[in-house]
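Visitor: So the chains spell out like this:
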Amino acid sequence: MSDHLILRIVGKFLIPYILLFGLYVQFHGDFGPGGGFQAGVIFASAFVIHTLLFGLESAERIAPQWVLKIVAASGVLIYALVGVAAMLMGGNYLDYDFLAADPIAGQHIGIILVEFGVGLTVASVMMLLFFTFAGRGEAS
Amino acid sequence: MILEQLIDIFLLVFLAIISIAVLRIRDLFTAVMLFGIYSLTSASLFMVLDAADVGFTEAAVGAGISTILMLATISMTGREEKPLKKKGTMLPLAVVVITGATLVYGIMDLPPFGEPDNPVHTHVAPRYIEQSPQEIDVPNFVTAVLASYRGYDTLGEVVVIFTAGVGVMLLIGRRRKRKEGISNE
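First to last, the sequence lines map onto chains A and B. With the working numbering applied, the first sequence corresponds to residues 1 to 140, in that order. With the working numbering applied, the second sequence corresponds to residues 141 to 325, in that order.
Just chain A, same shape as in the assembly:
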């Protein structure tokens, strides 16, 4: 799509705002609609636009597949480890009350960390899926 000047300019202009909106949805999920899941999808869609405009190779230079694989796994790991941390501090699995001296603060820490893990995994898996599909389409 690199010969479509208008699409390329508008897309380039939109990408930073989409990334910013993704981060907003990620960290504003406690206060308004949203959370890690939606944020991850929005964040990944910026990379999808980049791939459509500048090609797969350019996108994979920014987000190499091996990095995405590690990020996808570490998101799940962060989530699971928050649960283990709660157990080590004396509570049940994923009982955030015990993550800090004050139960409410513990809940807030737990929710932010857990949502961060969700966002990492969703964003990187969505990007991996798209890159895999797009790469396959180019190959055949």
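Rather than coming from a laboratory, the hints here were simulated on the basis of the structure. Glycine is no exception: its CB is placed at the ideal position from the N, C-alpha and C atoms. Careful: at least some of the hints might be erroneous.
Stated by the list, open to error - Beta-carbon label-pair distances, calculated as ranges: (1) A/K12 - B/P256: 44 to 54 Å; (2) B/L143 - A/L7: 32 to 42 Å; (3) A/R61 - B/P256: 51 to 61 Å; (4) A/K12 - B/L151: 29 to 39 Å; (5) B/A265 - A/I62: 38 to 48 Å; (6) B/F169 - A/I62: 23 to 33 Å; (7) B/I312 - A/R61: 55 to 65 Å; (8) B/S206 - A/L88: 36 to 46 Å; (9) A/R8 - B/I157: 27 to 37 Å; (10) A/D3 - B/F169: 45 to 55 Å; (11) A/S58 - B/D167: 27 to 37 Å.
Knowing the structure of chain A, use the given hints to seat chain B on it.
Guide: Below, chain B without anything else, positioned relative to chain A:
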């Protein structure tokens, strides 16, 4: 009140029209686009029901990323559906009519829409609404329910997404081997 009902009817009729159009269209590209519109209309319906988080997810996942993934699939498989073999249409019709009639019969057992003493409003919802400000203190208690009360469920969902990614990469993510001249396909 009347306006709200008009919007509901409009959106539901729109959904029905899109579904019929998807069934009748042979061009897969158009079908995928119609699916995207279908998701967006569903998202509007969720917004009318005040379920902002669900509507948001439907718009981002249903209308956004799944449309793109389906388009990527079409770019591999080709955009024309194979023509249907003309076989007996009576059996499928009977199955659909019986299933539909069963579902409509099942709807009659549902509690009336929007009544305050429905089971859904009297089970755990009041506890979440009344206790979550003291226990968790985040303004959006959908987040409190998803990330804290139902944290274990959400962990499962993340694992499902991760597994889906691993599965896709194992099945079709073998681009590098192709360059070495090894064909596993």
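Visitor: None of the hints should be skipped; say for each whether it holds.
Guide: Verification of the hints:
1. A/K12 - B/P256: 44 to 54 Å: holds, 51 Å
2. B/L143 - A/L7: 32 to 42 Å: At roughly 38 Å between Cβ atoms, A/L7 and B/L143 fall inside 32 to 42 Å, so the hint holds.
3. A/R61 - B/P256: 51 to 61 Å: For A/R61 and B/P256 the Cβ distance comes to about 56 Å; the hint holds.
4. A/K12 - B/L151: 29 to 39 Å: With a Cβ separation near 35 Å, A/K12 and B/L151 satisfy 29 to 39 Å, so the hint holds.
5. B/A265 - A/I62: 38 to 48 Å: Since the Cβ atoms of B/A265 and A/I62 sit about 44 Å apart, the hinted range of 38 to 48 Å holds.
6. B/F169 - A/I62: 23 to 33 Å: holds, 28 Å
7. B/I312 - A/R61: 55 to 65 Å: Once the Cβ atoms are compared, 22 Å apart, the range 55 to 65 Å for A/R61 and B/I312 is violated.
8. B/S206 - A/L88: 36 to 46 Å: holds, 39 Å
9. A/R8 - B/I157: 27 to 37 Å: Check passed, 35 Å falls within 27 to 37 Å.
10. A/D3 - B/F169: 45 to 55 Å: Given range 45 to 55 Å: violated, Cβ gap about 21 Å.
11. A/S58 - B/D167: 27 to 37 Å: Given a distance of about 31 Å, which is inside 27 to 37 Å, the answer is holds.
The structure shown violates the earlier hints numbered 7 and 10.
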